[in-house]
Amino acid sequence: MHEREFLNQLSGESRYLRFHKWVNAPSDKLVHFLTDVDYDKHMAFVCTALDGDAERVVGEARYVADLNGKNCEFGIIIADPWHKTGIAGLLMEALISTARERGLATMEGVVLTSNATMIRFARGLGFEVQPVANDPTTRRIVKKL
Amino acid sequence: MRKIWLDSYPEGVPPEIDARAYPSLKDLLESSCLHFREKTAFTNMGVALTYGELDRLSRDFGAYLQNGFGLRKADRVAIMLPNLLQYPVALFGALRAGITVVNVNPLYTVNELEYQLADSGASAIVVLENFAHTLELALPNTRVRHVVTTQLGDLFPRPKRWLVNFVVKHVKHMVPRWRIPGAKSFREALSQGKQSAFEEISLGPGDIAFLQYTGGTTGRAKGAILTHGNMVANVEQTAAWIGATLKEGEETIVTALPLYHVFALTANLLVFLKLGGNDVLITNPRDIAGFVTELAKTRFTAITGVNTLFNALLDAEGFDQVGIAERGVLKLAVAGGMALQRSVAERWRQTMGVPLLEGYGLTEAAPSVCSTPFDAKEFSGKLGLPLPSTEVAIRDDGGNDVPLGETGEICVRGPQVMRGYWNAPDETATAFWPDGWLRTGDIGWMDQRGFVTFTDRRKDVIVVSGFKAYPTEIEDVAMLHPGVKDAGAVGVPDEHSGEAVALFVVRKDPGLTAAALLDHCAKHLTGYKRPKRIEFREHLPKTPIGKVLRRQLKAEATLTRG
Numbered sequence: 000m001h002e003r004e005f006l007n008q009l010s011g012e013s014r015y016l017r018f019h020k021w022v023n024a025p026s027d028k029l030v031h032f033l034t035d036v037d038y039d040k041h042m043a044f045v046c047t048a049l050d051g052d053a054e055r056v057v058g059e060a061r062y063v064a065d066l067n068g069k070n071c072e073f074g075i076i077i078a079d080p081w082h083k084t085g086i087a088g089l090l091m092e093a094l095i096s097t098a099r100e101r102g103l104a105t106m107e108g109v110v111l112t113s114n115a116t117m118i119r120f121a122r123g124l125g126f127e128v129q130p131v132a133n134d135p136t137t138r139r140i141v142k143k144l
Numbered sequence: 000m001r002k003i004w005l006d007s008y009p010e011g012v013p014p015e016i017d018a019r020a021y022p023s024l025k026d027l028l029e030s031s032c033l034h035f036r037e038k039t040a041f042t043n044m045g046v047a048l049t050y051g052e053l054d055r056l057s058r059d060f061g062a063y064l065q066n067g068f069g070l071r072k073a074d075r076v077a078i079m080l081p082n083l084l085q086y087p088v089a090l091f092g093a094l095r096a097g098i099t100v101v102n103v104n105p106l107y108t109v110n111e112l113e114y115q116l117a118d119s120g121a122s123a124i125v126v127l128e129n130f131a132h133t134l135e136l137a138l139p140n141t142r143v144r145h146v147v148t149t150q151l152g153d154l155f156p157r158p159k160r161w162l163v164n165f166v167v168k169h170v171k172h173m174v175p176r177w178r179i180p181g182a183k184s185f186r187e188a189l190s191q192g193k194q195s196a197f198e199e200i201s202l203g204p205g206d207i208a209f210l211q212y213t214g215g216t217t218g219r220a221k222g223a224i225l226t227h228g229n230m231v232a233n234v235e236q237t238a239a240w241i242g243a244t245l246k247e248g249e250e251t252i253v254t255a256l257p258l259y260h261v262f263a264l265t266a267n268l269l270v271f272l273k274l275g276g277n278d279v280l281i282t283n284p285r286d287i288a289g290f291v292t293e294l295a296k297t298r299f300t301a302i303t304g305v306n307t308l309f310n311a312l313l314d315a316e317g318f319d320q321v322g323i324a325e326r327g328v329l330k331l332a333v334a335g336g337m338a339l340q341r342s343v344a345e346r347w348r349q350t351m352g353v354p355l356l357e358g359y360g361l362t363e364a365a366p367s368v369c370s371t372p373f374d375a376k377e378f379s380g381k382l383g384l385p386l387p388s389t390e391v392a393i394r395d396d397g398g399n400d401v402p403l404g405e406t407g408e409i410c411v412r413g414p415q416v417m418r419g420y421w422n423a424p425d426e427t428a429t430a431f432w433p434d435g436w437l438r439t440g441d442i443g444w445m446d447q448r449g450f451v452t453f454t455d456r457r458k459d460v461i462v463v464s465g466f467k468a469y470p471t472e473i474e475d476v477a478m479l480h481p482g483v484k485d486a487g488a489v490g491v492p493d494e495h496s497g498e499a500v501a502l503f504v505v506r507k508d509p510g511l512t513a514a515a516l517l518d519h520c521a522k523h524l525t526g527y528k529r530p531k532r533i534e535f536r537e538h539l540p541k542t543p544i545g546k547v548l549r550r551q552l553k554a555e556a557t558l559t560r561g
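Top line first, the protein sequences correspond to chains A and B. 69 is the number that numbering that gives the first Met the number 0 gives to position 70 of the first sequence; each next residue is one higher, with no gaps. 549 is the number that numbering that gives the first Met the number 0 gives to position 550 of the second sequence; each next residue is one higher, with no gaps.
Subject to a maximum C-alpha distance of 20 angstroms in a straight line, what follows is the list of computed EDC-like cross-link-like pairs (lysine to aspartate or glutamate):
| # | chain 1 | residue 1 | chain 2 | residue 2 |
| --- | --- | --- | --- | --- |
| 1 | B | K458 | A | E12 |
| 2 | B | K159 | B | E187 |
| 3 | B | K541 | A | D134 |
| 4 | A | K28 | B | D508 |
| 5 | A | K28 | B | E537 |
| 6 | B | K541 | A | E107 |
| 7 | B | K484 | A | D27 |
| 8 | B | K168 | B | D153 |
| 9 | B | K541 | A | D35 |
| 10 | A | K69 | A | E127 |
| 11 | B | K296 | B | E316 |
| 12 | A | K83 | B | D425 |
| 13 | B | K484 | A | E4 |
| 14 | B | K541 | A | D65 |
| 15 | B | K467 | B | D493 |
Everything labelled a hint here was simulated from the structure, so no lab data went into it.
Using the sequences provided together with the hints, build the complete structure.
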């Protein structure tokens, strides 16, 4: 429920940057995937804030590990009004240290080349930015854990 | 950085132009109307409009905008017309009154039109009656208070005017029913304008001439702010490039590309206005047979187009006869907007006897940035050299120049570069490097002689016959259909339009057909944005974390095409 609400209030731009495509209303399947966290191969951290009496998700970061459990891909979204508040850094810190504890060797992500903010942020966290063969529209970002 | 391309300039092309040759487009217009008064400025369907008449009619129209509608400097007026004599009259009427022009694609759907009118804040619009039914539905959610409608033949002499207007309406039924209370007819506006005083407006290079809309990555078009200074600069740059081949007051150019697109607007209408040329307006170039008949009757010295159009002409019956008649007459042919194919360039040269030059540009640069030199002997497959007073740099993701010959983003600096996007400070900020260079989003490299070659795009954008379509907008529309669960749009190579839209769809309703979905898309998207192909899939390829793999879709679409 919180997850759907969170996705719904994001701007089209934020959803595009996260999913690399247009997402109108998040489908049941997407919400199911995002909430089906097993704390092992699929790990997620959320940041919530109190809005009156209601607790709302304002940011989330997650990784999904590959089958051999060596590497993982991560994704992060922050609610538009919470950009530049530092919560992205906190979420990533938690995500990276958990991945390390689980024995994962690398964390990587695919970022739109035009998403300069994310690329700058990832560099700051020690990710290496690499070109993707035959695809100048995206960059691969990788960090050894 | 040294401008290495200057060494490759053909003789006679200056390295710099005077970007302040005219303070504004109004001064450019007035200068040409004074010098070429008796000469033909525009021709449409055999009817000519002289520079003197253009001067008078545009003044009348400007006076009506001022007095009839009460429009003031910096107000916005939208022009929703195909290539007709009314276009330059409305355009210069607005510009000389200091009013900003918002060009609108007449084939826009209601949603597209509504968005552009609302975003630009246009308070008036000039529309061809054939499209008034679309406007009627879009109006309520905009700030448009004044509407001028025109009929196709409104500037033709009697009885041709009556005949054309009658046939369009009652024989061909090309005017769907519409009702807009208070709409003023174009002819009435002209006659009332004539009886009122035109207030001279002082304009300078910094005043805004156009909000020229172009697609945006997140599905909404953005208005590039093009000032009078930007436009004058690009006119001077283009004229300096091709000037040696042309003579003032003696040229006839064929304008088949729509004037609401910045390429024809600058390269045809404004450049040939400066040169005192006759601009032959083709209203419906899709009617290739009619277009060839028109060309057979016209001795033209210049023509512009896109690859798609030149290809269609070369394939058309009777065009070889035009080629024979044009030998020694035609001096200049320019292709812009999209990549030119070698086969088209070579066939053109054989048929017409002159090479097809390539121009490269973008709305944000008014538009021309590079062009192949007019003395080019053969097809190069390159974008060409930067125009006079234009700098091109190839930069990496960090904004640093890459070594010569290496690939990076093509960046531009020059007096033709826009000020920014209308009401979109974030988009504007990401379009420029902090040192003022415009980021084109195109990837390419520059060789030792300064020639730029395009290789790819940095953003998800599909270029269809020179028009930019963004996948997000197409996906947004597709997913509005209740039978669609997920959709991904990509560009695929297309022999006619360069690229075409392919749409991958995951169905919610197993009974959904491609035809039904195409119908749905046609209601919301103008022609070039519509998918040419729809493929149904069980799911879209995604990374483990759920990001769609657009390049994989593109590769699949390219493999299975045909």
